[in-house]
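A.B. asks: Chain by chain, the residues:
Protein chains: 2
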Amino acid sequence: MSADGYTVAVAGATGAVGREMLRMLDEQNFPIRRLVPLASARSAGLKMDFRGTEVEVAELTKKSFAGVDLALFSAGGARAKEFAPAAVDSGCVVVDNSSAWRMDDDCPLVVPEVNAAALEGHKGIIANPNCSTIQMVLPLQVLHELGGLKRVIVSTYQSASGAGQSGIEELLDGARKSLAGEEMPAEVFPHPLAFDSIPHIGSFEPSGYTNEEEKMLFETRKILGLPELASSATCVRVPVVRGHLESVTADLERPVSAADARAAMERFPGLVVMDDPANAVYPLARDCVNRRETFVGRLREDNTLPATLHFWVVSDNLWKGAAWNAVQIAEELHNRGWMRV
Amino acid sequence: MSADGYTVAVAGATGAVGREMLRMLDEQNFPIRRLVPLASARSAGLKMDFRGTEVEVAELTKKSFAGVDLALFSAGGARAKEFAPAAVDSGCVVVDNSSAWRMDDDCPLVVPEVNAAALEGHKGIIANPNCSTIQMVLPLQVLHELGGLKRVIVSTYQSASGAGQSGIEELLDGARKSLAGEEMPAEVFPHPLAFDSIPHIGSFEPSGYTNEEEKMLFETRKILGLPELASSATCVRVPVVRGHLESVTADLERPVSAADARAAMERFPGLVVMDDPANAVYPLARDCVNRRETFVGRLREDNTLPATLHFWVVSDNLWKGAAWNAVQIAEELHNRGWMRV
Chain H
1 MSADGYTVAV AGATGAVGRE MLRMLDEQNF PIRRLVPLAS ARSAGLKMDF RGTEVEVAEL
61 TKKSFAGVDL ALFSAGGARA KEFAPAAVDS GCVVVDNSSA WRMDDDCPLV VPEVNAAALE
121 GHKGIIANPN CSTIQMVLPL QVLHELGGLK RVIVSTYQSA SGAGQSGIEE LLDGARKSLA
181 GEEMPAEVFP HPLAFDSIPH IGSFEPSGYT NEEEKMLFET RKILGLPELA SSATCVRVPV
241 VRGHLESVTA DLERPVSAAD ARAAMERFPG LVVMDDPANA VYPLARDCVN RRETFVGRLR
301 EDNTLPATLH FWVVSDNLWK GAAWNAVQIA EELHNRGWMR V
Chain Z
342 MSADGYTVAV AGATGAVGRE MLRMLDEQNF PIRRLVPLAS ARSAGLKMDF RGTEVEVAEL
402 TKKSFAGVDL ALFSAGGARA KEFAPAAVDS GCVVVDNSSA WRMDDDCPLV VPEVNAAALE
462 GHKGIIANPN CSTIQMVLPL QVLHELGGLK RVIVSTYQSA SGAGQSGIEE LLDGARKSLA
522 GEEMPAEVFP HPLAFDSIPH IGSFEPSGYT NEEEKMLFET RKILGLPELA SSATCVRVPV
582 VRGHLESVTA DLERPVSAAD ARAAMERFPG LVVMDDPANA VYPLARDCVN RRETFVGRLR
642 EDNTLPATLH FWVVSDNLWK GAAWNAVQIA EELHNRGWMR V
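The listed protein sequences correspond, in order, to chains H and Z.
Heads up, the first sequence is in this note's numbering, so the first residue is 1 and it goes up one at a time.
Heads up, the second sequence is in this note's numbering, so the first residue is 342 and it goes up one at a time.
One or more hints might be untrue.
[Stated by the list, open to error] Within a straight-line C-alpha distance of at most 30 angstroms, the following computed DSS-like cross-link-like pairs (lysine-lysine) qualify:
#1 H/K62 x H/K47
#2 H/K81 x H/K123
#3 H/K177 x Z/K518
#4 Z/K388 x Z/K403
#5 H/K150 x Z/K491
#6 H/K63 x H/K47
Worth flagging that the hints you see were computed from the coordinates, not collected in a lab.
Just so it is clear, the structure is predicted and the values come from calculations on it, not from any experiment.
Could you put the whole structure together from the sequences, leaning on the hints where they help?
C.D. replies: Here it is as structure tokens:
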């Protein structure tokens, strides 16, 4: 970092998440001397606005990182696999939003409110967890501290924006066509999404789970430092534009009251409790859009078991689930003096 | 029953479920001598078509049941509480679709494929379970027979039609308005439903669960004959027009392979297995509409526990979840010679 800030690259700058990364860096007043937006050859040459200045998108190559201090990647797994090591070789710290490096033992997998300390001694590549995992581990960390986490079961209600801008467009186009009695498209999603719910996000593994579901298991274990945690996810795409919603069951080692859990969640950074069901208050997708926080509601004790709690957790998958968590990691690296390979 | 069939009343005949009851009775060639459609005073005098004949809707009163052998009720809990005993006093057998009588020890709660035998010795009122319960207990009964059911966790994806025709209209109107950038209605549902998901169906109990969620616990226990079953439901309204979808976790006493469970479900009456994820085959709402069957997919063993299975179950909430299950009960009563008080 020179006196006037870092040189920061954003790889995948023109995508749905990349654009939000630029916005977050700006809104956070992150100390940036020079911004380097990178994208595929197709998007190179595009002009983007950053802090009132026009910057030109360059093609992402192995030579893109000379003189760059920090690179935020949201360019997919294949590009992260190919380009992140080259960036690190150039002396650049990488925060990658893809799944490419998440389970690598040399790469911290970080949700700052939960495990910022895992950044210590990083080797250049830091992984941003999957959107559906990030929002869930905040309340789970609270419950783990209170009662010891034994098992997690989650069913998700994930929005079209998880598949990028083309996912949003396919949902809205499909809804319009359905209302007009026309056939609905299914190119981005495996089936028409409007007015239905599809239990299929990502690709299927031999286990019968999708890779999205397995990410929620393995990433949660790594972030919480609980390698033996029993857990299962069912990931479902619902016709929501933006924001992921999740129904979560947590079995604990020791009974914890819903009241104690609620109070602890209210104190936890990044969490907002919206839990007044008598007045129909619980988080909805509409509540989380363009918000950095993760919202929790429907917190209740199990009717039949002594040490089980259930809750509903909602967050903006493009913000806390992606761009904002990545920028938070960058801020931690900066504040702790760890912005170096 | 006279030689040419029963006199059959349908209370709530003009509602979304009542209309499907008439259709099912017709399609099943149920032995009907005379059909008596009943509704509130507001709808009395309306003409309905049944088997090519016009029949006039009469007002539901305590005197409606003279000479009636069988009454299918889909008129809400308050009317069922008020009018079902009067019907039974007139010598009429009642199959009630509301929650009014379900937990009464004198009233069998029946899903015919699972517990038709519970109809024996009935005292006149037979309860039809809640839509979200019915579709879940079919695969659960299979798993219970194979491995002994210990615990059930379910998150639902329930359609607007569960709130009747006005629910469907509010969803479609809301979707149209949202696409046009206009404000969405929220009169039937507690919040605008289009492009969101609402974890609130029914009303909240002191436990923090909704009554819809508690129905799934208590009704499942009664139907399966497992009064101690550990179970928890999270019921969520999604912007789907018709058909309920559910993500279910079943903990068993003994390990059962997904393959064995799948084979047993394929043999079980009323169940259809749609489970070929490699080819994106799993049940969707669009698959179940106007179908009597319950559809199961995403059947898989837990990645972390030895005796846990997960599945996805989908059914038409207006058919198997309501009208068809009621007509099935009527057929059982007829076939077993139990159509008498």
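A.B. asks: Next step is simple, just say for each hint if it's right about the structure.
C.D. replies: Here's how the hints hold up against the structure:
1. A threshold of 30 angstroms between alpha carbons decides the hint, and for H/K62 with H/K47 the separation of about 21 angstroms falls inside it, so the pair holds.
2. A C-alpha spacing of about 15 angstroms is found between H/K81 and H/K123, which places the hinted pair at or below 30 angstroms, so the restraint holds.
3. For the suggested pair H/K177 and Z/K518, the alpha carbons sit about 14 angstroms apart, so the restraint of at most 30 angstroms is met.
4. For the suggested pair Z/K388 and Z/K403, the alpha carbons sit about 21 angstroms apart, so the restraint of at most 30 angstroms is met.
5. In summary, the hint linking H/K150 to Z/K491 is supported, as the alpha carbons are separated by about 17 angstroms, within the 30 angstroms threshold.
6. As the CA atoms of H/K63 and H/K47 are separated by approximately 20 angstroms, the hinted pair is consistent with the 30 angstroms bound.
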